[in-house]
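For the record, the sequence lines run as chains A and B.
When we follow this note's numbering, the leftmost residue of the first sequence carries the number 806, and every step to the right adds one.
When we follow this note's numbering, the leftmost residue of the second sequence carries the number 806, and every step to the right adds one.
Simulated from the structure, these hints should not be mistaken for laboratory data.
The beta carbon of each residue, even a glycine, is placed where N, CA and C say it ideally should be.
Any given hint might turn out to be false.
[Said to hold, decoys possible] Here are the computed distance ranges between Cβ atoms for each label pair:
#1 B/W848 - A/R872: 56 to 62 Å
#2 B/S925 - A/R872: 19 to 25 Å
#3 A/S940 - B/E826: 41 to 47 Å
There are 2 protein chains.
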Amino acid sequence: MIELNFSNMMTEVLGEKGISERQIEALRDRVDKAHHEIVQKRWAELAFMDLVRQDTGEIRKTAEWVRKNAEDFLIFGIGGSALGPRSILEALSPFHNLKRRPRVFIYDNVDPRTLSAILSLVDVKKSIANVITKSGSTAETMASFMVIWDELSRAMGNDAGGRVIATTDPEKGNLRTIARDKGFRTLSIPPGVVGRYSVLSPVGLLLAEVIGIDAKEMLRGAADINDRCSEPEIWKNPAYLFGTLLYLMDKEEKRNISVMIPYADGLKYLSEWFSQLWAESLGKLGMGMTPYPSLGTVDQHSQLQLWMEGPEDKVFIFMRVLDFGADIRIPEVFKDMEGIGYLGGHLLSELIKAEEESTELALTKNKRPNMTIHVPSLDAYHIGQLFQFFEIATAFTGFLYGVNPFNQPGVEEGKNFTYGMMGKKGFDQRREEVEKAREKKVCYRL
Amino acid sequence: MIELNFSNMMTEVLGEKGISERQIEALRDRVDKAHHEIVQKRWAELAFMDLVRQDTGEIRKTAEWVRKNAEDFLIFGIGGSALGPRSILEALSPFHNLKRRPRVFIYDNVDPRTLSAILSLVDVKKSIANVITKSGSTAETMASFMVIWDELSRAMGNDAGGRVIATTDPEKGNLRTIARDKGFRTLSIPPGVVGRYSVLSPVGLLLAEVIGIDAKEMLRGAADINDRCSEPEIWKNPAYLFGTLLYLMDKEEKRNISVMIPYADGLKYLSEWFSQLWAESLGKLGMGMTPYPSLGTVDQHSQLQLWMEGPEDKVFIFMRVLDFGADIRIPEVFKDMEGIGYLGGHLLSELIKAEEESTELALTKNKRPNMTIHVPSLDAYHIGQLFQFFEIATAFTGFLYGVNPFNQPGVEEGKNFTYGMMGKKGFDQRREEVEKAREKKVCYRL
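Extracted from the complex, chain A is given alone in its bound form (with noise of 0.2 Å):
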C-alpha cells in the first residue's frame, strides 16, 4: 500500500510556516460536507470510483487481438486520453519502442512534423489505430484521426475499418456513428467518467493489456484505495489529509505552486498526468494551485535553486520508490579520488534515495512545506492505487473549494475561436474578432 509521510507540513516541524491541528480541525465541517458529496454519489461523474468492478474482458481480448494483428500501436488522443494512456506505458514499460512489439506511438497533438514522421515510421496496413475521444468531436483527436484513416482506406480499402478501435461514448457522438457506419471495433467510456478521470476505463486500460499489464491488478489497487479512503476521519483518510494540507497551504499560507517530484523516470508522466488532473479540476472562479510536474534527481540540478531561495510560494510533493524492480551496484573504482572515490560501493537506488531524502531535509531546514509518497514498487497494483489515490483527493478538494471539480468551462472561448478560423459553420463572427485582434496587435513587435 502507498504512505502518505505529511510531518513537514506541520508547525511540529516548520514552526509557523507549517499547518496546525487546529487548522485542520477548524475545516472539519467543510471536510465532512466534501466527504458526503462523495459518499451520496449524487454527481454522475463519480463513477469513476466504480470502474474499479468493471469486467475487463473484452479489453482483454481486443488487447490480444492488437498485440497478434500489430506491429505498431497507434493511439489518437489529447488531454486525460492521453495522458492517462502514456503515464502507465512510461511507468510499467520503459524504452518500450525499442524493446518490445507492437510498438506504441501516442500522438497527442496537431504538429505536422510529428505526424509525418510517425507515417514514416510505420506501415499502416500493419497498424492498428485507437482512436479516442468521448464527445467524439475533439478537433486535434478527430484530425489527425481522419488523416490515419485516409491513409488506411487507400491501403486497404474496405478492409481499413477492421483496423481501428474506437473508444468512445457507448451511444452518442459522430465517432460512435462512424464506427457503426465502417466496422470499427469499439470499447465504451462509461457515461459519467469524465477525460482526466478516466485513465481505469479503457481509455487507459486497453494500453496496459497491450503492453502485457495486467488490468485486474491496477483496478485491485483502485479498489484496495477506495477502501482506504473511504474513511470519514480525516484523520485516518490519506487522500483527504493531502488534499486538506495543500488547500490549507493555497488558501491560507499562499502558497500557489504545488510541485511533484518523483524520485523514478517512470512516474514523470504520471506527474504530468497529475497536473491535468489537478489543474482542470480546481482552476476555476479565480482559485485552483498551479501543479508542477518535476522529477528528481534531474530537477536538483534545474529547480532546486529557485525551490530553496526563491519566493516562499511552493509545496512539494515527493515521491520515493522502494524498489526499483533493478538496481546495480556502483563499482569500486577512482578509489583514490576523494570527489567522487565515496560513491563507489553503493547502490544507485540507495544514491536516488539519499538524494530524495537529503532534497527533502534541506528544504525543510528552508522551512518550505513537503510531504511525500512512499511507493513500495513500480507494478501495475501500486501504479493502479495512485491514479486512484490522485482522483478521490482531487475530487475530494473540489469539493473543499467548493468548485465542481468535473466540468472545464474556460476552455470553451478558446475552441470557439478555432471553429471561426477553420470555417465552422455558425462562428463566423468569432473569425471576425480574431481577425480585428490581429491589426490591432502589429503595434508592438521586434
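Since chain A is already given, all that's left is putting chain B on it; use the hints.
Below, chain B without anything else, positioned relative to chain A:
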C-alpha cells in the same frame, strides 16, 4: 530572425492589467545599468556570449569519429549538460532513435531501472560514451559514468579509454585527471561558461554534429542575436524588453509564474531547458518567477482551464513556428458531419496556428498577459537564435533583479546531506542530521 510580439503585455490591450510605457520608462536607469553589466564584461560568466566565435573543428572531427565508430552514443550529464543536448535532439531530429544511427541515449538521473534498460539495449563495445561535467565530480554523472566505465573496461580491457569522450574543464577536476590517465578524447568547456549557459559550447554542439546538425549554423544564429540584442535602447532590444516585461509582471503586478508554450512538439524540451536557465539564474534572495514548461496544443486540454479561470498569477510566453518543414492536409472525409466535417481540406499547420492564435486571444480577452515569439522554422540557425536570445535575456534580467545570474548557492545544502549519507569524508555530521530528522518524521504517516 525570430521576432517578439509583446502587444498583449501592454495597457493598450490589457488596460490596467497591462504594463504601461511609463512603467518601462521608469525602469530606464536600471536597464542602463544592466546593459552596462553586460557590455563591460567584468563577469567572467558572460563568456557564453563569445562562444559564437569558437572554432568548431575539433568538435566536428570528434563527431565524425563517433558517427563512424558508434552504433549508440551515450551521454552522461545532468542539468545543463543534459537539457542542452536533449533540446537540440528533440528540436532537430524527432524520433531519432527509431530513424537514425548512432542512436542517442541521454542519461541524466541515477534511476537504476533506466540505466539497466539502457545497458540491456546497447552493446557497450559498439558504443561511445560522452561524459559531461564541468567540475568533474557531479555525483549523478560520475556515478553513472563509473558504471559504464566498469562495463567498458570488462568488455575491452585497455582499449576502453578509446570509447570515451570527456567534456569538462580544460585543466581541473577529477574527470580531467581520469581522462589524461586513461587516454580519453576530450573537449573543453571554456572556464567562464557555466552549465545552464553552455549549450552552444561542446556540451551541446558535439551532439548536434553527431546527429548531422551544422554547429556553425547554430553559432551563426547566435551571433546574429548577439548583434540584434546589443542595442542599448530598450525599445529596440527584444531580449531587454522580454526581460523587463517579465520583471515588471513579477515585481509590480505580482505574477509569480511564467508559462512557456511552444506550439511545436520539437520545442518542448527547449522550454524545459529555458526553465532551468530562468529558475536557477533568478531564483534567489527570495525572488524569482517560476518558469512553467508547457506545450500547445496539448496543454489546452490540461492547463488552459486553470490559465483562463484560475488565479491571476501567470504570464504566458507563446512560441509560434511558421514553417514546420513538413505538412499534411486533412482529407475531406466525413464532410456531412457538422461536428468534424469543417476540418477537412485544411492543413495541419493551419490548425495548429489557428489554435495558438485562438488561445492567445482567449487569454487576452480574459486580461491574462501574454507575448509571442515567432520562430521562422525549426532549423539549426533558428534554434541557435533561441538559445542565445534566452541566455542574454536571462543574464540581463538577473542584473535587473540585482542578483548574480550565474551562481546557485541554494543547492549546496542538499548535496552535503547526500555526501554525508554516502560516506564522503568530512560529512559525518550531515549524516547524523539526516538520521535525527528521520526519527522525528515517523509521527505523521498514513
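Here is what the structure says about each hint:
1. Checked against the given bound of 56 to 62 Å, the beta carbons of B/W848 and A/R872, roughly 58 Å apart, stay inside it.
2. About 21 Å separates the C-beta atoms of B/S925 and A/R872, a value consistent with the hinted range of 19 to 25 Å.
3. At about 45 Å, the beta-carbon gap between A/S940 and B/E826 stays in the expected band of 41 to 47 Å.
Hint compliance for this structure: every hint is met.
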